[in-house]
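S.K.: Listed in order, the protein sequences are those of chains Y and C. Under this note's numbering, residues 409 to 781 are what the first sequence spells out, in order. Under this note's numbering, residues 7 to 297 are what the second sequence spells out, in order.
By construction, these hints were calculated from the structure, which means they are not laboratory data. Ideal Cβ placement from N, Cα and C applies to all residues, glycine included. Misleading hints may appear alongside valid ones.
As the list claims (entries may be wrong) - Quick partial rundown of chain Y residues pointing at chain C, CB under 10 Å, derived from the structure:
| no. | residue |
| --- | --- |
| 1 | L478 |
| 2 | R492 |
| 3 | F551 |
| 4 | P603 |
| 5 | S611 |
| 6 | D730 |
| 7 | H754 |
| 8 | Q759 |
Said to hold, decoys possible - Pairs of lysine to aspartate or glutamate residues, derived as EDC-like cross-links and limited to a Cα-Cα distance of at most 20 Å, are as follows:
| no. | chain 1 | residue 1 | chain 2 | residue 2 |
| --- | --- | --- | --- | --- |
| 9 | Y | K468 | Y | D445 |
| 10 | Y | K721 | C | D150 |
| 11 | C | K28 | Y | D598 |
| 12 | Y | K495 | C | D150 |
Chain by chain, the residues:
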Amino acid sequence: MGYVAIKGGGLAIKGAEDTLDYLRCEQGDSGTPLDMDTIEHQLRFLHGRVLSEGGLYHPKLAALAIKQSLGDTLEAAFALRAYRSTKPRLLETPVLDTSEMRVTRRISAAFKDIIGGQMLGATTDYALRLMRTELLDETPEAFRAIAKHWFNDERSDSDIPDTFPKVLESLRADGLLADVDKAAVEEPFDITREPLIFPVPRSAALATMARGETGSLLAIAYSNMRGYGDVHPTVAELRVGYIPVMLPHPVTGELIEAGEVLMTECEIVAMYEGDDDNAKPTFSLGYGACFGNNEVKAIAMAILDRSLQTGMKNGPTNPSEDPEFVLLHVDGIDSMGFCTHYKMPHYVTFQSDMDRLRTTQDKADAKSEGAMS
Amino acid sequence: MTAMRKANAAYPFGFLDEYAKKEVRRTILKAIAIPGYQVPYSSREMPMGRGFGTGGLQLTLSIIGADDTLKVIDQGSDDSVNAVNLRSFIEMTCDGIDTTDITDEANVIQSRHRIPEKPLREDQVIVLQVPYPDPLVVVEPSEDKRKIMHGEADYSRLLVKLYEDIVQFDEITISHRYPTRINDHYVIDPSPIPRWDVPKLNQSKALVLLGAGREKKIYAVPPYTDAEPLAFDDVPFRVESFNDENGQRRCCDRCGDNTSFLDEFTSSVGNKVYQCSDSDWCREQLVAKGE
Chain Y
409 MGYVAIKGGG
419 LAIKGAEDTL
429 DYLRCEQGDS
439 GTPLDMDTIE
449 HQLRFLHGRV
459 LSEGGLYHPK
469 LAALAIKQSL
479 GDTLEAAFAL
489 RAYRSTKPRL
499 LETPVLDTSE
509 MRVTRRISAA
519 FKDIIGGQML
529 GATTDYALRL
539 MRTELLDETP
549 EAFRAIAKHW
559 FNDERSDSDI
569 PDTFPKVLES
579 LRADGLLADV
589 DKAAVEEPFD
599 ITREPLIFPV
609 PRSAALATMA
619 RGETGSLLAI
629 AYSNMRGYGD
639 VHPTVAELRV
649 GYIPVMLPHP
659 VTGELIEAGE
669 VLMTECEIVA
679 MYEGDDDNAK
689 PTFSLGYGAC
699 FGNNEVKAIA
709 MAILDRSLQT
719 GMKNGPTNPS
729 EDPEFVLLHV
739 DGIDSMGFCT
749 HYKMPHYVTF
759 QSDMDRLRTT
769 QDKADAKSEG
779 AMS
Chain C
7 MTAMRKANAA
17 YPFGFLDEYA
27 KKEVRRTILK
37 AIAIPGYQVP
47 YSSREMPMGR
57 GFGTGGLQLT
67 LSIIGADDTL
77 KVIDQGSDDS
87 VNAVNLRSFI
97 EMTCDGIDTT
107 DITDEANVIQ
117 SRHRIPEKPL
127 REDQVIVLQV
137 PYPDPLVVVE
147 PSEDKRKIMH
157 GEADYSRLLV
167 KLYEDIVQFD
177 EITISHRYPT
187 RINDHYVIDP
197 SPIPRWDVPK
207 LNQSKALVLL
217 GAGREKKIYA
227 VPPYTDAEPL
237 AFDDVPFRVE
247 SFNDENGQRR
257 CCDRCGDNTS
267 FLDEFTSSVG
277 NKVYQCSDSD
287 WCREQLVAKG
297 E
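Same shape as in the complex, but just chain Y:
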C-alpha cells in the first residue's frame, strides 16, 4: 500500500543521501574530486554569489557548500546561512568607507571621464558569447601558461593607484546630490538579530537585499525597468574590489584591519523628485552592495533601493516600490524552502479539503435535485 511506503522514513532519508553522494562521485576512476581552491577561483562568480546569498563571508566554507551541494546556488547559500546560525555575534565593525576599496574594476555611465579614470577590469560586458571550443580539452600546461604570462607584461609596472575617489563626491560637491542619507550614520539594523516589522529603516532594506537571491532581485528590479515603476537609473559608479574590514582591537579598542572582503558596489542616480519642504531639488540616489563579484545583483539592488525609497515616501504604486512585497520575497533561503516544502506529505490537510468539497458537492446535488422535482 502506498501509505506504508512512508514508513521506514529513516532508511529512505539515508538512501537519498547516499544516492546523491554517489551522483557527486559517479565519474569513478576517471574523476578528480573538486578542491576548494578550484571552486573559489575557477567558479569565482558562483562562489561570490553563494558568499553573498549565504550572508557569511567565509570563502572556504562557501567553496565547500558549493561542492557538497553539487553546484546548486540555493542549496549552497542555504548551508552557509545555516552554519551562520550556530555562531554568536561578537563584534560590530564601524561603517566601512568604500572609498578605501582596493579596486579591481570601476566604471561610471554618467560621465565620459571621472577622476581617476574608468577602469574596465575583468568583465563579460563586451564579451562575444561564442563557444570557446579551445577550452574543451584545455591542458594543465596551457592553463598555467596564462597566469604565468600575465605578470610578465608591462601592466605589472603600471601606476594605477589602488584606491579611487567616489564619483558621487564630485556630484555632491556640485550640489547635484543631496547630503549623505542619515541611514549612513545611524545605527544599522541587524536583520540577523531582529525581525522586520514594517515600516523598516532603509538599512534593514539594504541588508535584506544584500543577501537576497540574485534572480529574485533581478526579476523585481526588471519589472521596474520595464515600466512597472519609474526609476530610470544612471549608473554613477559601479566598483568591484576588496574593502578592508576594520574591527576594534579587543584590548586597546583601536581600529585594526582584520582582513578584506571582495565586494561589488553600485550607486545609481535617478531623476530628481519634487519635495514638500521647498528645499533645492537634487538627483535621487539608489545604493546596492553585495559580497563577491556580482554586478547584476548590485545594480538590481540599487534600483530597488531607489524604488523602495519612493514607495516609502509616497506610498507604493507598483510591486517594486512596496517594501513588504520586495523585502519579504527576495530571500532565496526562505523562498526555496517554502517551494520545496510542498513536496512533503500533506494528506491530513488534503483529507480535510476533500471533506469540504464532498460536503459542498452533496449540498449542490441536493439543491439541483430539489429544483428538478
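Assemble chain C onto chain Y, guided by the hints.
M.R.: Same frame as chain Y, now just chain C:
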C-alpha cells in the same frame, strides 16, 4: 530509536548559539503573556528547508534540556520522513535527551498538521509547526495592515469571507488552518491542523506553542485558555465527517477505532481504506484489544 547521523562539525547543544535560544525563550514568554498574539522574533536559518518546520524546531531546541523526552510527528506519524529527519537532527545536536513514539511518555511534542488524539497533560508542551501565522492573510496581503487589524480585533473581513462562503456554497469551505479566537481577542491561524484538532486547543491542559520560522513569528495558546473557532450562531463550526454514505461512522482498518481522525487512501487492490492518522493512538487501541 537510534540516531542515524553524526555531525562532523562541533555544534553547540541545540545547534543554535545561546543568544538565539535566549531570544526564542523570551519571545515564548511574551507569547504566553499575550495569548494568540504573533510575537516577531529574528528566526535563525536552520539546516533544513524553510517550510519543513524550522519555526517549530527553533522552539523545541530552545526549550529542550537533557532531561526531556521528545516525540516528533508529521501528519500524525512518528515515522514519516520529515518527522524522522527532524528527530534525528535534534538527537544529533541535543546530547542526552530521550525520544519516544509514545504520546504519554513525551513531555515535548513537536508536530506538523496534527495534535495527538490522546488528551495532553499539564506537564506536556506541544510545539506546532506553522507555515502561515496570520489568519488574516486570506483577506489582507499586507502585514503592516494586518497588524493594525489584529490590534483593533477587527476580524470583520474574515467573517465576511465565511459569510460569502455560505452564500456561495452553503458551507464554510475552510478545511484546515481554521481561524480560532484565543482568549476572546486575537484570532490565530492554528497551523494546518484539521478542524478535527481545533477543539483540542480549547482549555488545553498542555501549553501549545506555535512557531513560524520563515515568517518569523511565535505565538501561544497557554494552558486553560479559551480557543473558539470563528462561526455564526446559526452556522456552527463543524469538524470533518467520517461517516459513510449510510451515515455510519467509518472505523480504522487496523485497530477498528471509530473515534479518531482517519487518513483515506486507495489500497493496492483499488478499494478505499481508512486508517488512524495518529499512529500512536492506533497502536494504543491495538494494545488495548490485546493484539
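S.K.: All hints, please: hold or fail.
M.R.: Cross-check of the supplied hints:
no.	hint	verdict
1	L478	17 Å, violated
2	R492	7 Å, holds
3	F551	32 Å, violated
4	P603	4 Å, holds
5	S611	15 Å, violated
6	D730	8 Å, holds
7	H754	8 Å, holds
8	Q759	6 Å, holds
9	K468(Y) with D445(Y)	8 Å, holds
10	K721(Y) with D150(C)	16 Å, holds
11	K28(C) with D598(Y)	17 Å, holds
12	K495(Y) with D150(C)	31 Å, violated
The structure is inconsistent with the numbered hints 1, 3, 5 and 12, although it conforms to all the rest.
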